[in-house]
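These protein sequences, in sequence, are chains D and S. The working numbering puts the first residue of the first sequence at 977, with every later residue one more than the last. The working numbering puts the first residue of the second sequence at 19, with every later residue one more than the last.
What the hints contain is simulated information worked out from the structure, not anything from laboratory work. Any given hint might turn out to be false.
[Stated by the list, open to error] Restricting the straight-line Cα-Cα distance to at most 20 Å, the calculated cross-link-like pairs of lysine to aspartate or glutamate (DMTMM-like) are:
(1) D:Lys1052 to D:Glu1319
(2) D:Lys1237 to D:Glu1169
(3) D:Lys1236 to S:Glu167
(4) D:Lys1153 to D:Asp1289
(5) D:Lys1240 to S:Glu272
(6) D:Lys1075 to D:Glu1065
(7) S:Lys242 to D:Asp1070
(8) S:Lys73 to D:Glu1415
(9) S:Lys143 to D:Asp1241
(10) D:Lys1075 to S:Glu167
(11) D:Lys1153 to D:Glu1175
(12) D:Lys1314 to D:Asp1107
(13) D:Lys1136 to D:Asp1107
(14) D:Lys1240 to D:Glu1169
(15) D:Lys1237 to D:Glu1175
(16) D:Lys1075 to D:Glu1359
(17) D:Lys1240 to D:Asp1168
(18) D:Lys1045 to D:Glu1339
(19) D:Lys1358 to D:Asp1276
(20) D:Lys1237 to D:Glu1408
(21) D:Lys1357 to D:Asp1276
(22) D:Lys1358 to D:Glu1368
(23) D:Lys1314 to D:Glu1060
(24) S:Lys158 to D:Asp1241
(25) S:Lys158 to D:Glu1179
(26) D:Lys1153 to D:Glu1191
(27) S:Lys169 to D:Asp1289
(28) D:Lys1237 to S:Glu167
(29) D:Lys1075 to D:Glu1191
(30) D:Lys1282 to D:Glu1262
(31) S:Lys143 to D:Glu1262
(32) S:Lys169 to S:Glu77
(33) D:Lys1178 to D:Asp1154
(34) D:Lys1075 to S:Glu272
(35) D:Lys1236 to D:Glu1175
(36) D:Lys1165 to D:Glu1175
Just so you know, these numbers come straight off a predicted model, no measurement behind them.
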Amino acid sequence: MKRFLSMAMAVVIVLALVLTGCNNARSGNATDPTPKGNETGQNTSGSGPVQVTYATFRVGAHVQAPGEKIMLEEFKKQYGDKIELVIEELPSDDVYINKMKTLAASNSLPDVLDGKNGIRELAVQNGQARDLLPYLEADPEWKKYVGEGAINANMTEDGKLYSISYSRRIIGYFYNKDMFEKAGITPAKTWDEFMSNLEALKEAGFTPIAAATGENAWTANLILGAMIGSANDEGNKLMNTMRPTNYNTPEVINALEMMKKILKDYSNPDALGSIYANAANVFCQEQAAIIANGPWMVGDFTNPEKSVEGLADRLGLAMYPNDSMYSEFDPGFILCAKDSNLEEALTFLKFRTGPFSQRTFLETAGSLPLTDQIELSEEFKKEKPLVVQHIELAGQAKYTFKTLDVTAYPIVIDSFQQLYPELVFGEITAEEFAQKLTEAASSQ
Amino acid sequence: MNKFWIAVFVLPAVLLFSSVYAVSLVILITTSFTNFTAGGGGNFIGLSNYIQLLKPGSEFLQVIKNNIVWVLLQTTLHICLGVVIAFILARNKWYKDVVRTIYMLPNIIPNAALGMLFLFILNPKFGMVNSAIRFITGNKSFMQNWFMEPKTAFGALTITWLPYAGITVILVMSEMTSVSRSLYEAAIIDGASEFQTNIYIILPLMRNIIGTATILAASNMLQKLDIILLTTSGGPGVRTTNMPMSIYRTALIENNYGLANAQGIILILLGLLSVIIIRRLYRMNENNF
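Hey, can you work out the whole structure from these sequences and the hints?
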């Protein structure tokens, strides 16, 4: 009897293991976006909606999460009977980037995804990304809303288009009008004046700049990039060059010297090493006079959970010195679908970058539309004047350039959080900093 | 017949081990000799990755040094602290349960939460440490950035794990309960004091378990990643970068899997070397008597 039981148990265990494996191999996981070879896009019954996998980091407290939700609901309403989106939600930008890079290594990226931070380049290298230009040319209505500017911005040298932007990014800096008035200053016209403004703010008892050097050093690097891009034509050329390999230039070194002073003397005390949320919190709580950031932050200024009451009314928007601003298009979405569900994935891509999405993200997150085909309503202009000012100021800018996040290799961006503290505490010089950035870029 | 059933029961474990560890290890070793990246590649490049990592002046040498220093600190100070506390708690005084529970807390809090906790405690502006220093010294402008100042970053990060030897305490205490009462009684009859009993009789009996705790502490130091990511991200420079952090950055930021896998091999070798050295130092294969 004992022996029989042992045998029975062993058989049951082995069978259970084998069957579990088989079952897993057969059934797709609803939350797993990884295409399963030929199964991708197939539905089990053959008559239901076709599956399209999509990964997103616009969830939770992300500024674009509300817009993403509306967009996905509308897509389901319009196409739910034909297309089923299999969505993988990833809780932060970093998690998203890391996961997509890992999937790129195994040629298993989702059908539609944001190609930010080098993901697009990896998808092109591994052969998953599709050239979107033929699809765009075949659909004049879609092309009208994408616009020539976004198309040219993402076009490769060999005339291929591997991603479609979803918004235009115009970035200046926000300043607290009350603090500026008390310090007796106005937005600076030159970088020398900018630095003397910071000193005046400090003397008036305010922390001049809200900055953070952790993560991708976003707020700090916006100031740095503006210094480089508006210094002269050479600096401007560098800030409009994709994947530069040389940062050993007088413009970069001079800008790093100024950043050293800003981070040492004019920023929030925890700027070194802290993350973007810290800098945003410092500014929104009126503990600093300036923050460099884009129009998507405007919504935070009226959010009572994030900002002090009435903050939006006390804020102004300025160009960077030398009449300069960031003006660029997001790298945007890439299409990695296989032939089996290409049509459906393309339908979703068109919807994600089309007029409904552009308008939704403008209204919910301050993301500027790609073209003037999306008109701003009078109500919106009245409700969010700071967003509208971005478009007006961009038209007056003498220098425009792209963010370091878009132009530089990800390894270069990652270097900033390690190098800023070394620079500020005098462990390395601005020249050595620039050399290390060059070495990082050259390693790619 | 018995052998057959042993094989049947062992087979799933062998298959699992082979598919999860053995295959991965083979892939790791082979790709460490290639230029495999996230976007493709995979051509054989000989020892280039290893030469790049180990050439004089390479940042990775500093990373290895950081890791070795942390392993040394953890296998000495951390273990000593744990053993001393275990001996104090073994006296079975009224505070035993409370102290043991409190001391164990940092070991059961997830590293992510512990990292956030220390970010707040050591925050330059509102952190508890700086606030206390400002209060005591009266220097209101004191704003030490413990994690980012090059001179304090390594120490600040080390303090997030070095003092919390709860695992060692529990292991040593449980081993102490297995010591025969007759040994204590014999020591008392011979006129040994409590201190002498602990030092000359009980401590030598703890050799194997302290060796085990030391191996655990060393391997823990060779795996640390999350708390470093949350606090310093390996900076300033590479002052607080350890090998897992370097592998993470090389693989997921630089997308250079070949180079990252070469680092992985060096990490495994360092781990094996640590275990061999610790086992020899503690003579873990030998009996106590």
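Do the hints match the structure? See the list:
{"no.": "1", "hint": "D:Lys1052 to D:Glu1319", "result": "16 Å, holds"}
{"no.": "2", "hint": "D:Lys1237 to D:Glu1169", "result": "14 Å, holds"}
{"no.": "3", "hint": "D:Lys1236 to S:Glu167", "result": "14 Å, holds"}
{"no.": "4", "hint": "D:Lys1153 to D:Asp1289", "result": "9 Å, holds"}
{"no.": "5", "hint": "D:Lys1240 to S:Glu272", "result": "29 Å, violated"}
{"no.": "6", "hint": "D:Lys1075 to D:Glu1065", "result": "11 Å, holds"}
{"no.": "7", "hint": "S:Lys242 to D:Asp1070", "result": "19 Å, holds"}
{"no.": "8", "hint": "S:Lys73 to D:Glu1415", "result": "16 Å, holds"}
{"no.": "9", "hint": "S:Lys143 to D:Asp1241", "result": "14 Å, holds"}
{"no.": "10", "hint": "D:Lys1075 to S:Glu167", "result": "31 Å, violated"}
{"no.": "11", "hint": "D:Lys1153 to D:Glu1175", "result": "16 Å, holds"}
{"no.": "12", "hint": "D:Lys1314 to D:Asp1107", "result": "13 Å, holds"}
{"no.": "13", "hint": "D:Lys1136 to D:Asp1107", "result": "6 Å, holds"}
{"no.": "14", "hint": "D:Lys1240 to D:Glu1169", "result": "18 Å, holds"}
{"no.": "15", "hint": "D:Lys1237 to D:Glu1175", "result": "11 Å, holds"}
{"no.": "16", "hint": "D:Lys1075 to D:Glu1359", "result": "38 Å, violated"}
{"no.": "17", "hint": "D:Lys1240 to D:Asp1168", "result": "17 Å, holds"}
{"no.": "18", "hint": "D:Lys1045 to D:Glu1339", "result": "13 Å, holds"}
{"no.": "19", "hint": "D:Lys1358 to D:Asp1276", "result": "17 Å, holds"}
{"no.": "20", "hint": "D:Lys1237 to D:Glu1408", "result": "16 Å, holds"}
{"no.": "21", "hint": "D:Lys1357 to D:Asp1276", "result": "17 Å, holds"}
{"no.": "22", "hint": "D:Lys1358 to D:Glu1368", "result": "14 Å, holds"}
{"no.": "23", "hint": "D:Lys1314 to D:Glu1060", "result": "16 Å, holds"}
{"no.": "24", "hint": "S:Lys158 to D:Asp1241", "result": "16 Å, holds"}
{"no.": "25", "hint": "S:Lys158 to D:Glu1179", "result": "17 Å, holds"}
{"no.": "26", "hint": "D:Lys1153 to D:Glu1191", "result": "29 Å, violated"}
{"no.": "27", "hint": "S:Lys169 to D:Asp1289", "result": "43 Å, violated"}
{"no.": "28", "hint": "D:Lys1237 to S:Glu167", "result": "16 Å, holds"}
{"no.": "29", "hint": "D:Lys1075 to D:Glu1191", "result": "17 Å, holds"}
{"no.": "30", "hint": "D:Lys1282 to D:Glu1262", "result": "11 Å, holds"}
{"no.": "31", "hint": "S:Lys143 to D:Glu1262", "result": "15 Å, holds"}
{"no.": "32", "hint": "S:Lys169 to S:Glu77", "result": "18 Å, holds"}
{"no.": "33", "hint": "D:Lys1178 to D:Asp1154", "result": "14 Å, holds"}
{"no.": "34", "hint": "D:Lys1075 to S:Glu272", "result": "14 Å, holds"}
{"no.": "35", "hint": "D:Lys1236 to D:Glu1175", "result": "14 Å, holds"}
{"no.": "36", "hint": "D:Lys1165 to D:Glu1175", "result": "15 Å, holds"}
Hint check: violations occur at hints 5, 10, 16, 26, 27; the rest are consistent with the structure.
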